[in-house]
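Enquirer: So the protein lines, in turn, are chains A and B. Oh and the first sequence: position 363 is 363 in the working numbering, straight run, nothing missing. Oh and the second sequence: position 62 is 62 in the working numbering, straight run, nothing missing.
Hints were generated in silico from the structure; no laboratory data involved. There's no promise every hint is true.
[Said to hold, decoys possible] Within a straight-line C-alpha distance of at most 30 Å, the following computed DSSO-like cross-link-like pairs (lysine-lysine) qualify:
{"no.": "1", "chain 1": "B", "residue 1": "Lys73", "chain 2": "A", "residue 2": "Lys48"}
{"no.": "2", "chain 1": "A", "residue 1": "Lys57", "chain 2": "A", "residue 2": "Lys171"}
{"no.": "3", "chain 1": "B", "residue 1": "Lys44", "chain 2": "A", "residue 2": "Lys57"}
{"no.": "4", "chain 1": "A", "residue 1": "Lys386", "chain 2": "B", "residue 2": "Lys126"}
{"no.": "5", "chain 1": "A", "residue 1": "Lys386", "chain 2": "B", "residue 2": "Lys73"}
{"no.": "6", "chain 1": "B", "residue 1": "Lys73", "chain 2": "A", "residue 2": "Lys57"}
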Amino acid sequence: MSVDYHQLLRDSLTRLPTVAATIDSVRKAVQDRGEIVILYFNFDRYSKVEEVYGWEKLDSVLETTGEAMRDFLSKSPLSSSRLMVAFPNDDDFVFFHVPQDDTPAATDAEITELTAGLKEAVSSQIERVHGEDIAALFDIFVGRSLVVYNPKLRLERQIYRGIREAANASKSLEHREQAKKLSDLRETLRDRGLYIEYHPIVITDSQKVFGYEALARGTMRSMRSPEVMFEIAAQSDLIWDLSRLCRERAIEGMGKLLKDGELLFMNVDPADFADPSFDVNTLNVKDPARVVIEITERTAIKDYPKFRGRLREFRDKGYRFAVDDAGSGYAGLGSIANLEPDFIKLDMSLINCIDQNFIKQNLVETMVRFANEHGAMVIAEGVERKEEYEMVKSLGVHLVQGFFVHKPSTSAVTYRPPIHPAPALAEGAK
Amino acid sequence: MADISHPPILVVDDNPDNAHIIRDYLEARGFPITVAYNGDDALKAFEEVKPSLVLLDVMMPGRDGWQVCRDIKQHPTLGRNVRVVMVTALDDWVNKRQALQTGADDFVEKPFELSRLAATVERNVKLLVPSTVAGAPGSAPTR
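So that you can see chain B by itself, here it is in the shape it has in the complex (with noise of 0.2 Å):
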């Protein structure tokens, strides 16, 4: 049974050292995360884990994280039941715009502080409703 105040979080960063940090700080507020390093692999961790929270870097190699954010929104099973955290520089009005329009939910700005990135986590999944909280049968649309 999923711990609603504790939803799975898949936390994705290029950087293994950003990624641990975050992971560690988390893990150790009671979340189950899990990391990819890359968008590719976050997308395959996203249909894997079906997390109920995504902390997306932006700045990836390959598929950025406006890609992987849009991909994430777009997914026909998965994308509605999922808030977006863009991890980013997200310093002007283009920008959060350009956030907006890939379906991103929230932003923590980057240089962030953990107490900061603790705060967004909880006012997200404060808004999580209890169905969209991974461990609901959120996968296979039936009629």
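Chain A with its partners taken away, still in its complex shape (with noise of 0.2 Å):
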């Protein structure tokens, strides 16, 4: 396809121009004031964003991003300098600041307080645009480097040189940041510094409650995300623990927590069915029926006739199984069909924006065939507005979770039936 040259110049997501596009301006400002810092705002988890929602939706968050930047450094000390993309449709951002004549360049430490302010102006606004769920994965590094105007030297080759260096240091903040983490997670193994939030899932027509699917948080703030948490005990190898210590949490609540009758939803990595300690005989379960383990589809099962004993040990028990993330994956059904499972939660990404995908509605309409046929319930989750609720509720889904209905709490619900009397089933929807 061609491409025009504008799109080189200017990124459309978030409006910023590309390096390309700057770097002539900026030499000027360079020669006279000699020199110049280079910020780079490294974005750590946005691939994870692209990975379970799309790349629609990181598309979609870079320009929030983009505007939540502009905004806040607009108000700051460096408003004078200018914010760029490395890359069109890139998702990390460069900074360049050109001190005024008469203020000295800002320094490590008004970086880092910079930096402190822009990542709770971006990620408030991340959160209040896309939810707390994808503002929770939202950290950002910034690295610096300082370019001093050599006459000897090409300029656009200093300023590429500055641009790899504070990429660079973004990248070992990072990495220290890591372990920081990974002290943090031990620490929360250590002191069972983890709480549990449980998000109702409701049944689809009248809303009443039918359990509760328990997150896990960590009580302390760079834990709160459960996918960081297991994204950093899978590096070091403390999975088995932290889903112990999940598992733990999730089945002390449960008394507390449950009415008759509703049942308890608890994420169970198919890796854990290797741990020895994970077994019917010790977890601390009074009524296994109410139970219900959610396998996610997208860890690949390996050995399957080995799995699938483990779950008939389960089963036999009374625990039910669901199949979270169905749909995420090209398997098809029939990888869903061999878990036999009692609920297939539906891929969130199947969700978003079904009222306004005619594909989606068909794939979720198929779905809920076969769980039909196979006794199986379907869940919707990541509902977030009432165009999706009525969709999927037209398309025969049997059970929804999400922020439409209810936001996840440390409590139970009161019912509250739905405000608007459901309309019939929508024509074009079959």
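Hints are included, so try docking the two chains, each in its own frame, into the full complex.
Expert: Here it is as structure tokens:
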């Protein structure tokens, strides 16, 4: 496809210029002032956002990011400087700060302070627009480098080297932070510093609570997001320990929270089934029929017969199973059927804007039919808008979970009947 | 001034007979139609015409429909203002999942009935917001 030059010079998502577009205008300033500070903004988990929610979501998150950054920086002492993206549609940002004649260049300490403010500003904007799950994945590392003008060297090259240096600095910050997070995780495991938020799953039509999904949250701020905790645990071989703690905590809260007939949905990684301490006899559950074990479709199951054997042990005791993130991969319905689930939780990407996408509607309809034939129930998670709720309802989805009905919380919810009576089945949806 | 209920449509099919049947049928229903017979021409036409809807055949020599859909949907300036309907025998879960991954909005199963095609076009046109209908400035981003 032919690419217009203006597309190389300005990023359409963030509406920021690219480095290529800016370098010429910066040249003179650098020559006059003699130095330039380059900041490199490295958004740590944006690749994760893309992996989980798809590229459209990250595009939209980047749009918010660019806006929030522009807004924040315009009110900062660096307002006269230029913010840009390294490349169009990339997810890192570069910032050229050419100090004014009478002011010294920003110091490391000032940058640290600026970073903290910026992090807060961008993450709260992301939370407002995209919800707290995505905001919890947000992390930013800012690397700094100073380029001092040297007429013997070509200016562009000095600037490109400066960008690389700042990028490396941001990476090493990220590594330092990683090490700190690992020590936070160890502390969390030692002190059992974890609490559970319960996210209601409701019956689609009546919106009565059917059960709760247990979501682990670390008490330390850096450990708030389960994704972050599990990512660090996976890198340091602590998955079993973390999973064990999460399970114990979730089950502890069951007695207080669950009313008659309500179920507890508990996430278990297929890798946990290899943990010798994860056993039907060691789980402190009084009534296994009240517990649904969620297995994510994202983790490849290597040894199916063995895995099914382990599932059987739990099933025989009365535990039930849900396939989480169903439809996220290309595996199709066969692999879901293999697990004989009682519940099928649809991947969030299928629910996001389902009212506007007819392929998603068709897939969800297929899944509902499949579930009905196999005696399972379908759960739509990530239902955030009324339109999404109405659509999954018209498609026959049995259960619903998402901010549209309830947010996760540490306590049980009071039943609120739907405000609007249910409309008749949408014609076009069937 | 663009007619909001009849925005321009790009029809892409390497089989001229198919393409012309669709063109004539939709033109008769009041839609301005542009036709392209391969992936590369489709992308050129897409940038020129800035259609609101693309009907895209999947099986084409060279750049196939999946690739074209991805390129259209990820187009830096026009990508978000267009709906793409894949014209294909999307018969199973995997195929439909793949269609979603490329950014497609809808599909018509092949071989299609013209009335079904019209219904599909109509339901997608209904979801276009007025500002995304071609004729509205969609290209040059402004600060």
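Enquirer: Could you check the structure against the hints above and give me the numbers of any it violates, in ascending order?
Expert: none
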